[in-house]
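Chemist: One letter stands for each residue in the lines below.
2 protein chains.
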Amino acid sequence: MKIICAQNELASNLSLVSRAVPSRPTHPVLANVLLTADVETQQVQLTAFDLSVGIRTSFEAQVEEAGAITLPAKLLNDIVSKLPEGEIIIDDKGVATGQESSEKSASATLTSTSGQYYQVRGMDASDYPELPAITSGQSINLPAEALIEGLRGTLFAASSDETKQILTGVHVKILKDSLEFASTDGHRLAVVETELPEKTSQENAEEENETEEFEVTIPARALRELERMVAALKEPKSLTLNFDQSQIIFEIGQQSLTSRKLEGQYPNYRQLLPRQFANHVTVERKKLLSALERIAILADQKNHIVKCTFDNDAQEVYLSVDAADVGSGRESMSAQISSDEPREIAFNVRYLMDGLKVFNTSEIQILLNKANMPVVLTPLGELKMTYLVMPVQLR
Amino acid sequence: MKIICAQNELASNLSLVSRAVPSRPTHPVLANVLLTADVETQQVQLTAFDLSVGIRTSFEAQVEEAGAITLPAKLLNDIVSKLPEGEIIIDDKGVATGQESSEKSASATLTSTSGQYYQVRGMDASDYPELPAITSGQSINLPAEALIEGLRGTLFAASSDETKQILTGVHVKILKDSLEFASTDGHRLAVVETELPEKTSQENAEEENETEEFEVTIPARALRELERMVAALKEPKSLTLNFDQSQIIFEIGQQSLTSRKLEGQYPNYRQLLPRQFANHVTVERKKLLSALERIAILADQKNHIVKCTFDNDAQEVYLSVDAADVGSGRESMSAQISSDEPREIAFNVRYLMDGLKVFNTSEIQILLNKANMPVVLTPLGELKMTYLVMPVQLR
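Protein sequences, first through last, are from chains E and Y.
Everything in the first sequence is counted per this note's numbering, starting at 305 for the first residue and increasing by one.
Everything in the second sequence is counted per this note's numbering, starting at 305 for the first residue and increasing by one.
Hints may be right or wrong, so weigh each one.
The list treats identical chains as one, so a pair stands whether inside a single copy or across any two.
[Claimed, not checked] Under the rule of at most 25 angstroms between Cα atoms (straight-line distance), these lysine-lysine pairs were calculated in the DSS-like manner:
no.: 1; residue 1: Lys-606; residue 2: Lys-386
no.: 2; residue 1: Lys-386; residue 2: Lys-611
no.: 3; residue 1: Lys-378; residue 2: Lys-611
no.: 4; residue 1: Lys-378; residue 2: Lys-480
no.: 5; residue 1: Lys-688; residue 2: Lys-661
no.: 6; residue 1: Lys-606; residue 2: Lys-378
no.: 7; residue 1: Lys-590; residue 2: Lys-661
no.: 8; residue 1: Lys-565; residue 2: Lys-674
Hints are computed from structural coordinates only; laboratory data are not their basis.
Okay, chain E solo, but in the shape it has when bound:
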């Protein structure tokens, strides 16, 4: 393999795929990145894969000799990112020191135009695992914007407890002209509905005759990487989602992200959402969030529990915490409250804050029934998001 490429191209693509390099690889070769150079297309492809999530990217280069090699991802990334701008030549033949036969050990030299010469030990490309491919399965175009909106509103509520399996993912339903994202960790549930622009659904209909409705649960870890990849693009484009029984692949331009699907039946979350609410509260989002952030300082000293009182007479919301050994706090703010009597209800303050942070409207609505029944928060605006939080019992 011999390629000549631009330092900034190589650096940015290395940094992109490095996200899929495991920090504690189960096999040494997984700490490496796979470089593949093709003479015909004059493209270099980089691949990283932790056996669950894989990232692949391609970029243009002057490929003088085709080939493939794996090189230590962190070391390569560190060196390349610090090299001066300009051309870099990567060559896996003719290692200069020549002290030992290069037959067994794969290594490559990096030469930069202004006096830098590095040699890096790698491993044979044949040792690198294949990225799962999808030969037959379903495929759909998604507008990047709808995806970003859905992920932003749900990723935070997925469970981070690996034993909760299906709950560590985000459930995505692809409907005829909308997408629905849902996540829950058992204590709260976030649901975002985003409309698909007409053009997209028409395109799909043309291409695939009739768009089928389908659903899939995707590991939050993979989606966080996807979110990062899409956010790094200069202009949000559409992306393609391909999947079969066990795998999904997102394709965005020259980049792709592979992940296994989460298996199992996702909970029927719609049935958790109450149909009716006896009490409605409208309050300024930023004011409520700031107050929660202050009161959280004390609540975090005591089970994270904050007590909320909705006073319909005074049209005021009160937040309070009593952390006996440390101190106590009380916040008040005006609100529009339509309720039959003052309502007291307690929450994990972190759950409330998480939701309020991703709502991007100036006002939000809090919908509640009794103190032991689920509460729903929604932004008052264009974003169609429903955030259900289970209250905690005050002793």
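Place chain Y on chain E using the hints.
Modeler: Just chain Y now, kept in the frame of chain E:
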């Protein structure tokens, strides 16, 4: 105690003194900050002290009732920094919940103008240790600029190994019309000489009849806090250094920093500096630093050792590392080399980088004799700094 003060004043002063609050206090009261309010001066004083370094600051407030209390530094800092701008009332009487007698437990309420009410448990001010005071001793005015220059050029080379006692400090010599700062950890030595402006030395001469020359070794930890305090000031002013047998106090406007002195004889570092050098190298600082930063990626895999070759024929400097299992690297750059023959010498790459980072000139000089003798680096410019590094032996 009852005071009314501005949220931003209280927040910035709390954040300043919090630097002296120990993260693992040996006594509970040391996790607190001492607030003292004076009616006559209408000033609030904040003090934090870890029994070695103390920081004190004062600011204007409306003091309605004098008094003193200690409150948990981190909690108070967290709450106050998040309160909305405006007035804050701090009161240590009439705690609202009134569930228990307030005789035994000290606590204070914080009330903010827009609906915030916090009560924080503290401890009695009488439990707080006294900051060491200096009744008789020496005193000198120092221009902030000279101090910053001296600290920047030496703090990095002080030892971070607490068992090395006197070497964990910076040695400051106050001479008639200059200051000299020195630090060494046994492997390298940094010396900065800064001139005192004439005005200052005259002032001192007038005030104290004749300025005495003296020297003192100050813990690097205290000086790092001092550097931060001075850097945070809008315009660098002069500061006063007071000290006696065991303590030093820096005073800058409304703020002061107290520290114990380091006891013992500081090494006679002047005698370590070679008088003559057989080889002189002049090289671009940034080029050399960038090359070292790249080569360090490999050197850090193998004892941090980099080999430097100064080739007088080619007028080139070569840096190289051979980390057998990982790879190897070689950097070259042009330099002006006056030497009798090519010289090879090896260093800890981190030591070279540390020095080059604080030099602020575009060119530097490297002065050396034989490969096992100390090497001196100096910036080519106004800063009078000498950085001696011991080479390492190549096997």
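Chemist: Under a CA distance limit of 25 angstroms, which applies to Lys-378 and Lys-480: within one copy, between copies, both, or neither?
Modeler: Close neither inside one copy (43 angstroms) nor across copies (53 angstroms); limit 25 angstroms.
Chemist: Is it within, between, both, or neither for Lys-386 and Lys-611, if the alpha carbons may be no more than 25 angstroms apart?
Modeler: Between. Shortest inter-copy distance 20 angstroms satisfies the 25 angstroms Cα cut-off; intra-copy 52 angstroms does not.
Chemist: How would you classify Lys-565 and Lys-674 at a CA-CA limit of 25 angstroms: within, between, both, or neither?
Modeler: Classified as neither; 38 angstroms inside a copy, 64 angstroms across copies.
Chemist: Between copies, within a copy, both or neither: which fits Lys-606 and Lys-386 at Cα up to 25 angstroms?
Modeler: Result: close only across copies, 19 angstroms inter versus 46 angstroms intra.
Chemist: My question is about Lys-688 and Lys-661: at a cut-off of 25 angstroms on alpha-carbon distance, are they close within one copy, between copies, both, or neither?
Modeler: Within. Shortest intra-copy distance 15 angstroms satisfies the 25 angstroms Cα cut-off; inter-copy 52 angstroms does not.
Chemist: Between the shortest in-copy and the shortest cross-copy C-alpha distance, which are at most 25 angstroms for Lys-378 and Lys-611: within, between, both, or neither?
Modeler: Between. Shortest inter-copy distance 23 angstroms satisfies the 25 angstroms Cα cut-off; intra-copy 47 angstroms does not.
Chemist: What label fits Lys-606 with Lys-378 when the C-alpha limit is 25 angstroms: within, between, both, or neither?
Modeler: Classified as between; 16 angstroms across copies, 41 angstroms inside a copy.
Chemist: Using 25 angstroms as the alpha-carbon threshold, which applies to Lys-590 and Lys-661: within, between, both, or neither?
Modeler: within (9 angstroms within a copy, 43 angstroms between copies)
Of the numbered hints given earlier, the model fails hints 4 and 8; all others are met.
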